[in-house]
Amino acid sequence: MSHAFSGRPLEQVTVAAAVAGELGADDVRIHADTLRHQADVAASAEDPRLAANLRRAAELTALADEDLLRIYAALRPGRATEAELTEIRDELRGRGAIECAALVEEAIGAYRRRGLTR
Amino acid sequence: MGTERSQGHASGRFAALDAAAVNQDGFLHEEHEAGLVTISSPADPEPSLRIEDGAVVELDGRPAADFDVIDEFVARHGIDLAAAAEAMALEPLQIARMMVDINVPREELVRIGRGLTPAALARVVALLRPAEMVLALTKMRARRTPSNQAHVTNRQDDPLLIAADAATAVAFGFRELETTVPVLGDAPCNALAMLIGSQAAAAGALTQCSIEESQELLLGLRGLTTYAETVSLYGTEQVFADGDDTPFSKAFLASAYASRGLKLRVTSGAGAEVLMGAAEGCSMLYLEARCVKLAWAIGAQGVQNGAIEGINIAGSLPLGMAEAVAENLMVMMCGLESCSGNDTLMSQSDIRRTAHIMPIFLAGSDFLFSGFGSVTAYDNMFGPSNFNGDDLDDYLVLQRDWGVDGGLRTVEEEEELIAVRRRAATAVRDVLHHLGLASYDDARIEQVVLAHGSKDVEALDPQIVVGAAAGIVERPVTVVEVVAALAETGHELEAERVMAMVHQRLRGDYLQTAAVLDEEMNVLSARTDPNDYRGPGTGYSLSGRRRAEIDGIRQARTRADLLGEFGRPLDGVALRELGEAEPSSEPREVAVGVSPTFGAEINWTLSGLSVWEALRQVLAGIEEEECLGRLLKVRHTIDVGMIGLTAARLSGSGIGVGLQAKGTALIHRRDLPPLANLELLSVAPLITAEMYRTVGQNAARHVKGVPLKPLRNPYTEETIGARYHAATVGLVAIERAACLPGAPPVDLEVVR
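Line by line, the protein sequences are chains S and P. For the first sequence, the positions run 434 to 551 when the working numbering is used. For the second sequence, the positions run 24 to 775 when the working numbering is used.
Misleading hints may appear alongside valid ones.
Stated by the list, open to error - Across the chosen pairs, the derived CB separations fall in these ranges:
hint : chain 1 : residue 1 : chain 2 : residue 2 : range
1    : P       : F50       : S       : R526      : 33 to 43 Å
2    : S       : E520      : P       : D555      : 43 to 53 Å
3    : P       : H456      : S       : R526      : 25 to 35 Å
4    : S       : G457      : P       : L116      : 31 to 41 Å
5    : S       : Q445      : P       : V496      : 47 to 57 Å
6    : P       : D41       : S       : R551      : 52 to 62 Å
7    : P       : G513      : S       : R526      : 18 to 28 Å
What the hints assert, rightly or not - Output of the computed footprint for chain P on chain S, the stretches with three or more beta carbons under 8 Å from beta carbons of chain P:
hint : stretch
8    : 479–492
9    : 514–528
No lab work stands behind these hints: they were computed from the structure. Heads up, the beta-carbon is just placed ideally off N, CA and C, and yes, glycines get one too.
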């Protein structure tokens with residue numbers, strides 16, 4: 434809530450810090466705790482789906498940008514084999530991204546039934 | 024010269040109708056087999072829901088084994104099972120009635136909406152008539168305060184013009200800005216220019232760059248955009264796959280954006296499926312219902328729909344406009360933010376494209392337009408929007424006409440707009456130079472600042488922008504470098520504001536449903552600013568300040584303004600009062616009576632002639648016909664008939680002319696009733712010098728008893744009332760104030 438992904442407190446994410454070259458990519462992106470807090474806010478406002486999205490988002494903070502792009506690409510129709518998608522599912526589980534892994538698990542079953550794998 | 028006849032039309036009336044703008048639009052009869060049907064089709068499934076062991080085993084007539092990928096995702100995540108049994112047991116008509124019942128809270132409708140299947144949701148909204156939809160929209164939107172989104176693009180992808188136009192859009196009140204590019208490679212440069220330019224006029228506007236999904240994500244990851252919208256959903260599996268995605272890939276994408284703190288909404292809208300020939304015979308509304316349920320299932324906070332690009336196909340069919348609004352309603356029924364379409368020019372007819380927006384305009388929405396073309400139409404790289412930059416004053420007047428918050432405000436002074444455009448363009452120019460990406464000189468800035476559109480700006484080598492964009496991608500340039508560059512080039516305010524946007528992405532408050540930032544950086548969302556409409560006297564209402572902003576369009580004038588304009592002094596001519604006017608016995612005399620403020624407070628008529636010129640012509644006309652003109656001021660009345668009659672009664676011939684300062688003129692005779700006359704020119708703005716001359720001539724001819732010269736108000740299609748009534752009322756008030764009841768008329772002398 435009060436710090437970036439890097440752990441840097443928000444009050445230290447400043448123009449001066451940018452000018453001094455102190456800010457890296459992880460200083461300007463959101464922390465998983467913040468996303469989980471926002472998920473709780475959504476849940477208490479009776480929006481379980483938005484809450485689930487934000488919890489998946491919290492998990493995905495652990496992934497690098499390239500990983501996000503790679504996994505998104507693999508989930509597009511006809512891109513990945515079932516085996517490749519299974520690997521991705523396991524990769525996500527291994528990174529603690531349990532709800533994201535569950536999403537991929539569902540996709541595997543749906544794509545198999547509907548012929549959407551490569 | 025009559026109406027031009029088009030080929031094959033004997034009837035001039037038919038030929039004229041054929042030439043009407045609306046007849047350039049395309050119209051089709053319904054053919055539901057081809058999906059050319061808006062609200063309901065025989066192929067739409069009957070609503071149904073069967074749940075076993077906490078899982079959906081049948082959805083809208085389809086068993087689980089036959090679910091396509093959309094059914095499966097909706098079955099798993101898009102039905103609130105806690106509410107489903109109750110919701111599906113209600114008759115659609117019951118739910119429709121609840122939607123227009125001011126005593127049923129929004130939250131209750133959302134709970135039910137989330138428990139409905141797609142077919143059930145479509146059935147419910149299809150039962151509402153347009154006026155009922157307006158009431159339902161008023162209650163059902165998520166955020167109480169309405170807002171608006173703008174397109175900001177140009178044909179050259181010129182970054183300085185992007186920045187200037189982004190600043191302009193924010194100056195007019197837009198809170199979300201969307202750009203796109205005719206040349207894909209230019210996108211990072213547009214995004215950067217928008218990010219900076221959007222912060223020049225005020226703080227807090229959100230910016231997006233609408234391009235291919237993974238490239239757009241990359242821009243977001245780098246912090247060069249602050250929200251994404253064109254994450255598209257489709258209503259059939261075939262079209263989804265043609266769009267190179269599945270519900271699962273889109274769900275992952277949505278979470279990916281959120282993992283970098285970026286606000287996101289998805290996009291759907293009728294017509295995509297039929298345009299791609301894969302509507303499966305279903306109605307547009309039903310297919311859109313699938314998209315809306317999917318949006319909620321994915322966990323998106325909002326949806327851009329209202330036909331969007333499909334508005335032209337919906338608009339070609341019966342109930343097309345109703346269907347678009349019904350789409351927005353379905354989104355609201357699921358508790359999601361609505362970015363409500365109106366972003367594609369759906370008609371050549373100004374009447375029709377305005378009618379399209381009126382229901383949602385009157386009701387309000389989270390975003391009334393998902394792309395008001397804030398730039399001029401030819402620069403809109405999405406294609407012209409339903410309203411474009413040159414329509415802004417119309418829109419501001421519509422807000423004022425109805426007392427409705429359409430999200431926008433007047434930019435009072437031209438200098439103000441120029442200054443903010445210059446700030447924005449200069450900041451972008453300096454940053455691009457500082458980062459070694461591109462160089463533009465001061466002359467270019469001035470061209471951009473004063474431009475109406477990109478045609479007013481010299482076309483440079485396209486490689487300049489391509490190169491700058493490539494540099495942004497390769498280095499990479501992220502929001503951190505942008506902030507530093509702004510500070511280092513002396514644009515501290517923009518640096519602080521861009522950093523403030525970074526903070527929003529770190530805090531995540533604006534990820535909640537229907538979030539927008541006001542200019543003080545407060546997050547207004549369904550959580551912090553919920554729509555609590557429950558009938559008259561409740562819900563959103565204009566604050567005093569906002570009311571004044573809406574009412575205070577720059578064209579409105581006070582009576583003092585009018586006095587200044589119509590009271591501008593006449594050089595070299597004055598009217599001096601002599602003594603009280605007495606009846607005369609000179610048989611060739613025509614008395615010309617003028618109104619109380621004639622040549623005093625008011626020196627100019629509505630036609631643009633000076634009062635002296637009008638008078639001079641009348642007197643010259645009298646003299647040409649060998650009669651004697653006599654001038655007097657009538658002080659006790661402002662009515663032109665009474666003025667003329669008063670003059671006629673004092674006139675030796677019994678013929679008088681009445682002349683008001685605003686220009687209305689008539690010829691009277693002493694024995695006629697006050698409201699009668701011999702001749703009347705009532706449309707003051709259209710009276711010419713020649714016509715005043717003829718008034719004088721005809722007055723004299725009445726004295727002599729000889730035939731008159733012809734005198735008629737000319738043909739006009741001008742809206743005389745709309746144009747002049749405001750000024751007329753003002754001038755009449757000034758006359759009334761100068762009127763002295765009971766004061767006798769006085770003779771006047773012209774002094775030069």
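Tested hints:
Between F50/P and R526/S the C-beta distance comes to about 55 Å, which lies outside the given range of 33 to 43 Å. Distance hint for E520/S and D555/P: a CB-CB separation of about 49 Å, consistent with the stated range 43 to 53 Å. Between H456/P and R526/S, the C-beta spacing of about 48 Å breaks the proposed range 25 to 35 Å. Checked against the hint of 31 to 41 Å, the C-beta distance between G457/S and L116/P comes to roughly 58 Å, which is inconsistent with it.
Between Q445/S and V496/P the beta carbon distance is about 28 Å. The supplied range of 47 to 57 Å is therefore violated. Between D41/P and R551/S the C-beta distance comes to about 55 Å, which sits within the given range of 52 to 62 Å. Evaluation of the 18 to 28 Å hint for G513/P and R526/S yields a failure: the beta carbon distance comes to about 50 Å. Requiring three or more residues with a Cβ within less than 8 Å of a Cβ of chain P, the coverage given for the stretch 479–492 of chain S holds, as 13 such residues are present.
Coverage of the stretch 514–528 of chain S by chain P is violated. Counting CB-CB distances below 8 Å, 0 residues qualify, and the rule asks for three or more.
Violated hints, listed in ascending order, are 1, 3, 4, 5, 7 and 9; each of the other numbered hints is respected by the structure.
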